[in-house]
Every structure is written in C-alpha cells, then in structure tokens.
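As you go down the protein sequences, you meet chains B and X in turn. The first sequence: position 212 = 212 (my numbering), numbered continuously. The second sequence: position 308 = 308 (my numbering), numbered continuously.
Everything labelled a hint here was simulated from the structure, so no lab data went into it. All residues carry an ideal CB built from backbone N, CA and C; glycine is no exception. Check the hints yourself; a few may be wrong.
As the list claims (entries may be wrong) - Examples of chain X residues lying across from chain B (beta carbon under 8 Å, computed): (1) Thr150; (2) Leu152; (3) Ala209; (4) Gly211; (5) Gly298.
Unchecked claim - Simulated crosslink set (DSSO-like; lysine-lysine; CA at most 30 Å straight-line): (6) B:Lys72 with B:Lys287; (7) X:Lys76 with B:Lys175; (8) B:Lys91 with B:Lys204; (9) B:Lys47 with X:Lys212; (10) B:Lys287 with B:Lys175; (11) B:Lys363 with B:Lys204.
As the list claims (entries may be wrong) - Just some of the chain X residues that point at chain B, by a computed CB distance under 7 Å: (12) Gly28; (13) Gly81; (14) Gln82; (15) Ala153; (16) Val165; (17) Gln168; (18) Pro226; (19) Ala255; (20) Leu257.
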Amino acid sequence: MAFMFSILGAACGGQTSTGPSGFTYTAGGTAVVRTMGDFVNTFDPFKVPAISTRAFLDLTYDTLTAQGPNGKVLPYLATSWTVTPTSITFKLRNDATCADGTPVTPTVVKNSFQRAIDMPIQYARNNWGPGPYSVAADDAAGTFTFTVGTPYSDLIYGFGLGFNETDIICPAGLKNPAALATQTFGSGPYQIVSATHGDQVVIKLRKDWKWGPGGVIASTLGLPDTLIFKQVANETTAANLLLTGGLNVAWITGTDVDRLLADKTLHHADVPSPAAYVLAFNPTPGKATADPVVREALVTAVDPAGWLQGADNGHGSIAKSYWQPGTVCYQDQSSLLPKYSLTKAQQVLEADGYTLSGGKMVKNGQPLVVHFVDTTQHGAGPDYIVSQWQKLGVTVNATITDYATYSATAQVSGYDAITGVPSYNAVPPPGGAANRLSGPAPPKGINYGNIQDPLLDQEKAAAWASANPTDACMHWNNFWGEILKQHYVFPMTYDMQYYFTKDFVFATGGVAPLAAEDGLLALRRIKS
Amino acid sequence: MLRRLLSLAIVLVVLVILSFALVRLIPGDPAQNVLAAQNSTPEQLAITRHELGLDQPLPQQFATYVTRLSHGDLGKSFATGQPVSQLVADRLPPSAELAGVAVLVVMLVAVPLGMLAAAYTREGRHRGVELAFTSTASVIGGLPEFLAATLLAFIFAVWLRLLPVAGQEGLQSLVLPVAAISLRPVFVLARIVRLETLNVLALDYIRTARGKRLPTRTIYLRHVLPNVVTAALTIGGILFAGLIAGAVLVENVFARLGLGTALVSAAVTHDYEVVQAIVLVLGFTVVIVNAAVDIVLGIIDPRSLARSA
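With the rest of the complex left out, here is chain B (with noise of 0.2 Å):
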C-alpha cells in the first residue's frame, strides 16, 4: 500500500509505459540512488524483509529468474525451465561463479533453497504455495527442481520477484551462517564496499560478472560501476538533490513530480502500478456493506476521474480490471464496473428499499451508515468519496487518518469500506492478493474484509491446482469477475510512479525499470 512506496522505499511498479529512445550510452561511472530508510542490522538475505536493504542487497546476490516488463520471467541463473502443477526444474547456467570464484552449481542452489526452506519465518511462503516444499540437484544434468506438496500454478513467479528467500547464497556462507549477518555471499553483479547507518550504502561491480538478465553483463557499455545508496526520506529534499545533481535516481511521489517533469535536465520512467487502487468493502454479516445493493450503490456514485484528480492529482488512468493491462492474465472487466451516476447509485438503493427522507437513505426507519476509513496519504482523494457518499444520502463516519491508524484498522477489518492497493516489489503472480480477498479472515488468514464467497474459494483452488497457464488464467479471470460482479472490490484508478534520472536512464526491453533490486540492472548513464 501507499505506505509501502513511502515509507519503505521505491521498488514498486512493474511495467514502463515510456522507454528512453536516442541516448547514446557512456560508461557506467557512479550513480547516486535514492533511498528513503536505513539498512537493517544483518545482511543475511534470507532475514532481511526492509525494501531499503534489499534495494543494494539483492544486487549481490543472483537469482534464478529475473522480472522482466509486465511481470515476464526472465531466465537468470537458470536458462530454462519445465514446469508441472507440482514442480520446477531448472536447467542452470555453468558459468556462474560466486564472488570468491566458486562455482554455482545445481547443488549450491539446492542447499540455498534447503536452508531457505528451513527458516523458521519464510518470507516467500506466500509465493510458493501452501506447500511442503522439497528440493534436488543433478549436477551431472545440471538441473535443480522444486517439488510442492500442494499444485500451485503461481510457482514459478516465486523464484526471481525480489522475495527473500529466492537469493542464492554460496556455500561459504551457508557454511558460516553467522558470517551472513555482516558480509555477503553471492554471485551477484555488485559487492558491497561500505555501509554506515542512516547515511549511504555503497557497491561496486564485480569485473567478471557475466550472466545477467536479459543480456546485461558486467561490461555492458553504462551500467554504473559503482552504486550509491543515499538514505534521503524528505520527498522535496530528494527532489531538490535530483535537480541540482546531488541524486541520479529517485522515485518520488505528492507534489514535487509536477516540478520535476517540467526540468528539462531530468528523465524519468513512468511505471504504472501492477494493480489498482481499489474501493474494497468488507462483507460480514450485520454490516451495512454486507447487502451487495448497497456496494453496487456505493461504488456506482463514485467517478474514478473524480478520484483520479483527488488523490493523484490526475496522474495515472481509469482502471479496466483490478489489474494493469498487460499482466499475466489480464483481462479486460470494464464491462463488469458500474458507470458513475449518482442518479442510477439512487435507483439502485430505493428499488432496494431505502427512501429518500430529509436528505438521508433509510430503510425500515434506520438510516444507511457506512464507516468508511482512509488515509491522508491519499491526498483529497478520499474527501471526494465522502462527498459523493453523502450526495447520494449516505451518513458517512469517515476515519481520515494517518497510514499508521489506517493500516491497522484494515488489518483488524475494522472498517465497511476502506480504498488501498496492493503493495508488492514486482508485478505479482496472477493469484497474488488472492488470499486478501478469499479465504481466512484475521487472526488465521489475510482475508481482511472477510469476503466469504464459495465461488472465490474455488475458482482460486481451480487456478492453483490448473496444470498449463490458460486454464489457471481462465480461472483468475472468473475469480477477479466474482469480485466485481458482488462489488466486493471497486478498481477506480491505476496510480503512475514515476522514477526520475538525471545524467542515467532506464533502458527498456531487458530487466523491469525499477530504482531498487535487480530493476537497476536497466541503469545506464547516457553522454550529456
């Protein structure tokens, strides 16, 4: 959510509308990145969840697979892969070497994955299934394969996303276990040379590095040779430094982006978000919300331009389906989203029974109230809901909050509606955010509005378990078209993050461009 892309650092997103065209690449040099947090005190990639660490981290460490636009799984580590409703296996590259020159190989990535699987908090469970999980090595074939317990079509997005777990670590640091807390043991691209608390992070490239996505090499002419991570978490400030050089790159957000796409000496990538921002209303029994008449109403007085404008200042688009166009998947549902009319939002409710008195909606003498809860962070986006709720006749109890109070009120249902969108540093899996919105409700699952709908259930299981892609895709589609045809989840509007460069761009058609993880493998530094 919103307070992931502030607090936590840049590394959402997931496509590029726009790609830097006529630049004529120079070599790498140093780039200053933007972070917004401080490291975490162990560099054990495995425990390492804060996005600000991970940004410099996962650049010393590969992975099997890499991000490519749209969410596309690049080979990496692995060249090919085959793939069963319960496995993976990997046919790997042999000329990988880890920083201290050992070799790769199929057994090193299983033992990676062994320990992986051993942790007691595993970070990419969600991404690998229900499990268990079982690994193998054949380094006479050199293949490596994952086993599930329970089918998961969604498997193979697990192993390259950025996730903790999917970072291979070298045997020397399997063997010292302790050691990973202060030093690293990868394969990656990049090595770190010092770290200081609150201020930068520094890694350089490694010369014989030669197995990256998408082509990417260590001598590929304009990736940096050396990396700054600065920790700058004043939004203008670090618009400030882009402007007069002090950063090359930054992902900013709020006022400053109109200043910045005005300077002329800036470029910048402009990367919609996987998913979109959503008027998500939590069905329990009892509830107002609970009655799909009344969602249908709610979401129908709701102009997702109206939106657009409030919280984003109009950058961004009217979202077609709870996804982003171009996703694995994705499908066109507009046919399924309400059109705005506050007049056709009255019909719905009166021919449900409610009446227009004194300016409110009531039924059986008892007024419609919704308790509606957001946060600042949405800018006036959600004063402009609340507005149109109560032309409609709603009593609206409306919790603008900070993102602190609005995270746990969501995360304890404690809402009717409330508008987010999914949080994730990379586009996820076709099924990802499915357990938020099926399932256990808190304490036991993620379901955090308690939509409990059998058709949720199993057209999720149906996706899952699905043996080739088009089926599992068949299935997703019937789940996201549940979700809007109950209005369980309204998508208004797909939120554009933009990453700005000065003297660098992202290049397109390799790595996704993202300012974090492997997404800098795009940077390059253009000739002025």
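Model the placement of chain X on the given structure of chain B, informed by the hints.
Here is chain X on its own, set in the frame of chain B:
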C-alpha cells in the same frame, strides 16, 4: 540546591514514564513494520512480536525498560538491530553542532537587533521603523521551521545554487539549517529584547547617566546590556526547547544525520526503543539547559534566586 536536584530527578522520572508511554500510543504494529510485508502471516507476526518482547504485558515491558536503562542499556533498534546507544552517540554530535551554532546565532543576532531597534524607536521616534520591525518580527516569528527550511532551500540551494541542498559536509552545509531554525527565535527574542531595552531606557538611572553626559556606547553596553541579557537568557532557555523541536524537523528537510532524522524515521516505523531513547536524550538536554540557565541567572542576577525561592 537540594531542592533543585530533587525537582530535576522528578522531571527525569516523568520523562522516562512519558517516553515509554507516548510511543506506545502511536497506532500500528511494530512487528508489521519489521516484517515489511502486508501479506505477513499471523505466525510470522507472532514470532516477530516475541523476538521484540512485545508479547509481554505492558508493566513487564516497562520494568525491562527501566532495568536496562539503569544499566545504561538503551536497547536495540527494532528496524535495524543497531544498538541504540551507538545510534545516539553517532547522531548526537551533528544535532548538538546544529543546536549550538543556532543558539549562538540567536543570541548574537537577537540581542543587538532588539537593542538597536529600541534605541532607534525609543520615546516614539521613527514610528514607521517601529511598525516595520514589529510586523516583520511578528510574521517571521510565526514562520514554522519546516516552512522556513523549505523556502530557504528552494531559494539559496535550488534557485541560486549558492549553498548545498542537503548533507553535512563543511560549514556551507550548516548555513541553511542554522538559518532555518534560528530565524523564528531571533525575531521572537529581538522583540522581547527591544521591549526590555525600552523599559530599561525609561528608568531613572539611565536618565541620570544621560544627564551626566556619559557616552551612548557606555550607557548601552554598561548599563542597559546587563539588564537585557538577564531577560534574554530567561527567554532563551524557553526558546531552546522550541529550537530543539525545530531542529528535529529541519534535520529532515536538509537530510542531516542527527537525532531529529533518527527520531522521525523511528516514529514512522514504530521503533519504540529508538523513539524512547531520543525523546529521553532531548528531554534531558532541555532540562539540563534550563537548569544551567537558572544557575547562570543566579550568578549574574542574584535577585532571580530570591524570586524563585
């Protein structure tokens, strides 16, 4: 002296209790922040809460906190795992430098400015200047530090490119942050100094001094200044607390590695140990500075001791 020490001890005890309690009033779950993942499972959250000691009852958490504090242990940052005492030791010098220079600037600018304004506008002279001074002082005296910082950065760093936007390399990088936090107290204090000077100038002994044809410089430096400094010091002690608060915000605008940036970052991520420690250090500093001001006042103006007795 004993009474002063006793009241100081009470203030510190209250500070310890408040620093512990206030941070826990911030809504949100520190474990969620540590995991940094929205899809964290309840099991992951439970393990993390246990590791952070947040599954203990509040009184027990407080007892642990006080016990550790009594041994000089400020704990470890939830977010980074860094020892908090190390963090405070690293971040205190830049903040002290900023606050120290700012205090100096406030005193060196506000006192002469206020006295000059008083001398120029005494006995109803130069009404226009008086109006200009009081209105300028009112406007700038009401300018929040973060706004002053943003404006100064935009004008002098982005537009004119005369000074660095951020950082703490060299004296140049200190100019804008010091200006941003000093601007308001300078004008607040200058207004008070002007009024105090006008009061002193109206006293009989000043008239006598003038009657004796003493040089103006002697009148102002030997007879007015000591009286004005007493008032300036008294107000300065109070302004210092505001200056500390301003420094917290300004450090963030100028990306300085001080206690302020650490505090804001820790508050946002619910890093209890860091917030507690920094609030304690800043609170302690304010208490000590005010106690020091009282002592200095007692020395240069023994009447103040009599008044507070």
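Exercise for the section: Mind listing which of the numbered hints don't hold for this structure, in increasing order? Expected result: 2, 3, 4, 5, 6, 9, 10, 11, 17 and 18
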